[in-house]
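Engineer: Chain by chain, the residues:
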Amino acid sequence: MATAKRYRLSKLERDERRLGYALLAPAALLLLAVVVYPIAELLANSFYSFRLTRPGYRFIGLENYAFALFEDDRFLHSVLNTVIFIVVTVPGALFVGLGLALLANQPFRVKWPVRLGLLLPWALPLVFAGLIFRWFFDFRQGFVNWLIELAGFDPPQWLSDPQLAFAAVCVAIVWKSSSFMALILLAGLQTIPKSLYEAAEVDGASRFQQFVEITLPMLKPAIVVALIFRTITAIQTFDIPYAMTNGGPGTATETMAMYIHKTTIDFLDLGYGSALATLMFLISIVATSVYLRHTKRDTGRG
Amino acid sequence: MLAKLGKRKTVWLAAAIVAANGFFPALWILFTSLKTEAELLRHPITIVPHDPTLLNYVRVFVDQPILLFLWNSLVVAGLSTVLCIFVSALAAYAIVRLRIPGRNIVLSVLLAVSMFPLISLMVPLFQTMRTLGWLNTYPALVFPYAVLSMPVCTLVMASFFQDIPNDLENAAMIDGCTRLGALWHVVVPLAAPGVFTAAILAFVNAWDEFLLALTLSSRVTSRTLPVGITLYQGEFAFPWPIMSAALIVAIVPVCLLIAVFQERVVSGLTAGGVKG
Chain A
477 MATAKRYRLS
487 KLERDERRLG
497 YALLAPAALL
507 LLAVVVYPIA
517 ELLANSFYSF
527 RLTRPGYRFI
537 GLENYAFALF
547 EDDRFLHSVL
557 NTVIFIVVTV
567 PGALFVGLGL
577 ALLANQPFRV
587 KWPVRLGLLL
597 PWALPLVFAG
607 LIFRWFFDFR
617 QGFVNWLIEL
627 AGFDPPQWLS
637 DPQLAFAAVC
647 VAIVWKSSSF
657 MALILLAGLQ
667 TIPKSLYEAA
677 EVDGASRFQQ
687 FVEITLPMLK
697 PAIVVALIFR
707 TITAIQTFDI
717 PYAMTNGGPG
727 TATETMAMYI
737 HKTTIDFLDL
747 GYGSALATLM
757 FLISIVATSV
767 YLRHTKRDTG
777 RG
Chain B
880 MLAKLGKRKT
890 VWLAAAIVAA
900 NGFFPALWIL
910 FTSLKTEAEL
920 LRHPITIVPH
930 DPTLLNYVRV
940 FVDQPILLFL
950 WNSLVVAGLS
960 TVLCIFVSAL
970 AAYAIVRLRI
980 PGRNIVLSVL
990 LAVSMFPLIS
1000 LMVPLFQTMR
1010 TLGWLNTYPA
1020 LVFPYAVLSM
1030 PVCTLVMASF
1040 FQDIPNDLEN
1050 AAMIDGCTRL
1060 GALWHVVVPL
1070 AAPGVFTAAI
1080 LAFVNAWDEF
1090 LLALTLSSRV
1100 TSRTLPVGIT
1110 LYQGEFAFPW
1120 PIMSAALIVA
1130 IVPVCLLIAV
1140 FQERVVSGLT
1150 AGGVKG
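In the order they appear, the protein sequences are chains A and B. Note that the first sequence covers residues 477 to 778 in our numbering. Note that the second sequence covers residues 880 to 1155 in our numbering.
Treat the hints loosely; a few may be bogus.
[To be verified] Restricting the straight-line Cα-Cα distance to at most 30 angstroms, the calculated cross-link-like pairs of lysine-lysine (DSS-like) are:
#1 A:Lys670 - A:Lys696
#2 A:Lys696 - A:Lys587
#3 B:Lys886 - A:Lys696
#4 A:Lys587 - B:Lys886
#5 A:Lys670 - A:Lys587
#6 A:Lys670 - B:Lys888
#7 A:Lys587 - B:Lys888
#8 B:Lys886 - A:Lys670
Since the hints were derived computationally from the structure, they do not count as laboratory data. Bear in mind the structure is a predicted one, so any value in this text is a computation, not a measurement.
If we strip away everything but chain A, and leave its shape as in the complex, we get:
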C-alpha cells in the first residue's frame, strides 16, 4: 500500500518533501545535540554513583531514587516548598493578571503607557525582579517597611523570618508573572465581540452580571492556557528565591530546582543531581502532556 502510494507522488511532490526535510534538518540537529542527547545522558547518570569530588563511576541501580524519595528530607522539603509556591502564586498571578487585563482593556487615547506597563515586568530578568524585591523588603531601607511604619505598625524582619520570607518571595513571583498573564488574557478579552455586551445592556444586565455571564465564559480558553503554561514554569521556580533569599533562612524558601542546582554544582554530585533532575523531568512531562491534550482538543473543536 505504502509503496503504491509513494509511486503516485509526482516528481514535484517528492522534491518538495525532500526540501521540507532538508529545511527541518538544522532544527532537528540542534534539538538532538542540546535536548535529546543530554536527556539520555541524564537518565544514564541517574543510575550511577558519580561525584566529581572523588574518582569512580559505579552502577547503583535505583539507589539514588530510593534515597531521594524515602530518606532525603531536604529534597522532600524542597518539593513541598515548590508545591506551595505553585498553589499560591499560580492562582495569585491569575487574579492579578486578570485584574490588570480588565483595567488595560479600555479605550485609551494614548496606548503606550499601559502597553509598556504590561511589557516591562515581562522583559525584566527574573533575577533582577528578585533583587529589586529583596531591596523592597529590606528591614531598614525597604519600601514595604516604610509603608508599614507610615501606617503606624512595627516593621517586621521580612527576609529572616521563614514564613515572612516565603510570603515576600510569593509577592515577587506574582508581580513578575502576572503581567505576561495579563497580556495573554488581554488578547483574549479583545476577541470578545462588543455586540454581546450591548445586547446584555439592552436586557438590563448589570456590569457584574455581564462579567460573570459573558466575559468569564468567553475568556475561559485563554485562562486555561495561561494557567497551565504558568504552572509548568512555576515547577521550575529558581531565579527569584535565589536572588531574594538564596533559599533561606535555612532552607525555608528552597525550591526543587535550587536543591538540584546545589547538589550538582556546589556538591558536585552529578549522579544524585541527575536522579533529582529526572524526577523533575517526569513531573514536567505529566504537566506538559495535560497541556498538549488540552490544546489538541481545542484546535479539534475550532
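Using the hints provided, position chain B relative to the given structure of chain A.
Structural biologist: Relative to the frame of chain A, chain B by itself:
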C-alpha cells in the same frame, strides 16, 4: 463609587494603575541609583533623591567589570538570536509551505520542547560542556539559548509565513526562481516583520536567562549581566548604590528595544502564548 467618578476619570485611573504596577520597581531602582550613600543610609528613607548624583554610575563603570558583562551579554544574545532565527525560519517555512507528512508531530515536539524544564538540561549540559572544555565560553550558552527560543520563534514566523499569498511564490518560480530562491527573494522580505518580531523575543529570552549562565559560564570574565550583577552580592556586603546603577545599565537596552517595538512584541508574545 466608580460610576460617580465619571467615565473619563475611571479610564484614566485604570491606565495609571497598570502603568504604575509595571513601572514602579524600575523607577524605584532608578531613584536609588541616583542617591548618595549617605542618603541611602538615612532613616526613614527618602523617595526622590534629594541631591541626585551620577557617582554610582561612575563607580559601576570604573570599579566593576560591567562593560565586560555587557559585552558578554550582547555577544551571547546576538549570536544565539541569529542562529535561532536562521534555524527556525527554515523550519517554519517547511511546516507552512511544504507538504511533509508528520507536520503535527513536528509541532507537538516544538511545544514539548518549549515546556521543557531547564534544570533537567542544566545537569547533563554542565557535564557535556565540562568534557568538551566549553565551560565559560560563548558557545556553551549560544547553542542552548538558540534551542530555547526555537519553539516560540518557529511558531511566530510560521503564523506570519501563512499570511503571505502562495501566488507570489508561484509567480517567482514560474519566472525561473527555485524554491529556495523564492524563499529568499519573496518570502523573507515580505515576512520581515515576523522575522523581526521573533528575533526580539529570542534576544530578550537570551538577555534575561540566568540558570544556564550561572551554571555554564560563572567565571568572572565570562559572566553575562544577570549573573554578573547577582553575584556582586556574594563578593561585597550588598552594595545597593552600585547594584541599582548596574541594574539600570542592564535594563535600559532591553527597555528601549521593547519600548520602540512594543506592538510587535505584544503580537509576538500573544501569538506564541496563545498557540504555544
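Engineer: Look at each hint and say if it fits the structure.
Structural biologist: A quick look at each hint next to the structure:
no. : hint                : result
1   : A:Lys670 - A:Lys696 : holds (17 angstroms)
2   : A:Lys696 - A:Lys587 : holds (26 angstroms)
3   : B:Lys886 - A:Lys696 : holds (28 angstroms)
4   : A:Lys587 - B:Lys886 : holds (17 angstroms)
5   : A:Lys670 - A:Lys587 : holds (19 angstroms)
6   : A:Lys670 - B:Lys888 : holds (22 angstroms)
7   : A:Lys587 - B:Lys888 : holds (16 angstroms)
8   : B:Lys886 - A:Lys670 : holds (17 angstroms)
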